[in-house]
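Participant: Let's have the full structure, built from the sequences with the hints guiding it.
There are 2 protein chains.
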Amino acid sequence: MREGTRAKRILRDHVSKIVSLTDDQFDYFFSHFRPQCYRKGQTIIREGDKVSCEYFVLEGYLKSFYISEDLKMFVLQFATPASWASDYNALYDGTRATTSLDCITDVEVLCLSSGDREELCSEISQLELFFRWRINRDYVAAQKRLLSFMSNNTRHRYEELIAQYPQLHNVVPKHLIAAYLGVSRETISRLYHA
Amino acid sequence: MREGTRAKRILRDHVSKIVSLTDDQFDYFFSHFRPQCYRKGQTIIREGDKVSCEYFVLEGYLKSFYISEDLKMFVLQFATPASWASDYNALYDGTRATTSLDCITDVEVLCLSSGDREELCSEISQLELFFRWRINRDYVAAQKRLLSFMSNNTRHRYEELIAQYPQLHNVVPKHLIAAYLGVSRETISRLYHA
Chain V
0 MREGTRAKRI LRDHVSKIVS LTDDQFDYFF SHFRPQCYRK GQTIIREGDK VSCEYFVLEG
60 YLKSFYISED LKMFVLQFAT PASWASDYNA LYDGTRATTS LDCITDVEVL CLSSGDREEL
120 CSEISQLELF FRWRINRDYV AAQKRLLSFM SNNTRHRYEE LIAQYPQLHN VVPKHLIAAY
180 LGVSRETISR LYHA
Chain F
0 MREGTRAKRI LRDHVSKIVS LTDDQFDYFF SHFRPQCYRK GQTIIREGDK VSCEYFVLEG
60 YLKSFYISED LKMFVLQFAT PASWASDYNA LYDGTRATTS LDCITDVEVL CLSSGDREEL
120 CSEISQLELF FRWRINRDYV AAQKRLLSFM SNNTRHRYEE LIAQYPQLHN VVPKHLIAAY
180 LGVSRETISR LYHA
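Line order of the protein sequences matches chains V and F.
So for the first sequence, numbering that gives the first Met the number 0 puts the first residue at 0; every next one is plus one.
So for the second sequence, numbering that gives the first Met the number 0 puts the first residue at 0; every next one is plus one.
There may be inaccurate statements among the hints.
The calculated SDA-like cross-link candidates involving lysine to any residue, where the alpha carbons are at most 25 Å apart (straight line), are [claimed, not checked]: (1) F:7 <-> F:104; (2) V:143 <-> F:145; (3) V:143 <-> F:150.
Label-pair restraints from in silico Cβ distances [to be verified]: (4) V:114 <-> F:122: 22 to 28 Å; (5) V:95 <-> F:183: 31 to 37 Å; (6) F:35 <-> V:121: 31 to 37 Å.
What the hints contain is simulated information worked out from the structure, not anything from laboratory work.
None of the values given here were measured: they were computed from a predicted structure.
Glycine included, each C-beta is placed from N, C-alpha and C at the ideal position.
Facilitator: Set out below in structure tokens:
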């Protein structure tokens, strides 16, 4: 019961940054989520999987990543408490996952299926507004990150990362931050101590 | 009149790939757009501008780009017929433009203001669904491009570009395609002839 209350509070705080829902609307929304716990190192989505859910993080850290043909790992995204994760390409297009999602720490999430999300959006216009603005912001963040990759501005990329996730470097190993920024571990050490 | 009919048809074909609107709904939607023509080389959004509109392209090609401190140009996006362009960071956050948008060819667009978009979304749920799914797809495309930059897969990036815009290399100068792919002009020539 107390667990449910905490999860509700975290999700509600997050949603209310974009839209305001009545108690009944929020309870109805919340009732569509399935709580799930994973251990550090566990894989939630594996490359090649069908993907039918997205995950709202209550606690812990995840990474979404891609392994290239020459076995190099690239971290596409970190997911931290009160953020979302999935393979959105697969989720939205109904294709197989091209990235994987796993747990950097022990993790608690709430899962929402694609079918439920679409139904909720058609039932409650405030939820459609919420999901539209959530993705608007994610899109803008992806474009900013793209520009910093194009212009090869590692320091800027690092500063944006720290601004976005102030706690990240206390939790996430340096080699993963390097794989997110697309730089070597040595460069990361220089950034840390600059 | 015939001009309006053509513009309507292009926008309607585009919208109907995601949602279906009644004739009245579509006419109401269309009535919020302002047609506008620009000449080749004209700037629509300049870095530092306030941005209140997004642009649906009826004819011609635009580029959204960023100039770094050392005066290098990076093309964030091309906009081609039946696609949208703006500085979405500035448009969504109400901040000043960090990228510019200008015309590679003569261009005809339909402008939609942010205020009108939000009003339309609150009035017609199918339009909110349309804008949500449009941005879902743009987000996935931005993530794919990001991954190909991270993994430095130029050939893949080039093939994705050609698949997405088959006519592009007939219209857009090679140096702009190079600035989109983040490679030198010499690399582009090798890709063309591979």
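Participant: Look at each hint and say if it fits the structure.
Facilitator: For each hint, the structure was consulted:
no. : hint                        : in the structure
1   : F:7 <-> F:104               : holds (22 Å)
2   : V:143 <-> F:145             : holds (10 Å)
3   : V:143 <-> F:150             : holds (17 Å)
4   : V:114 <-> F:122: 22 to 28 Å : holds (26 Å)
5   : V:95 <-> F:183: 31 to 37 Å  : holds (34 Å)
6   : F:35 <-> V:121: 31 to 37 Å  : holds (34 Å)
Checked against the numbered hints above, the structure breaks none of them.
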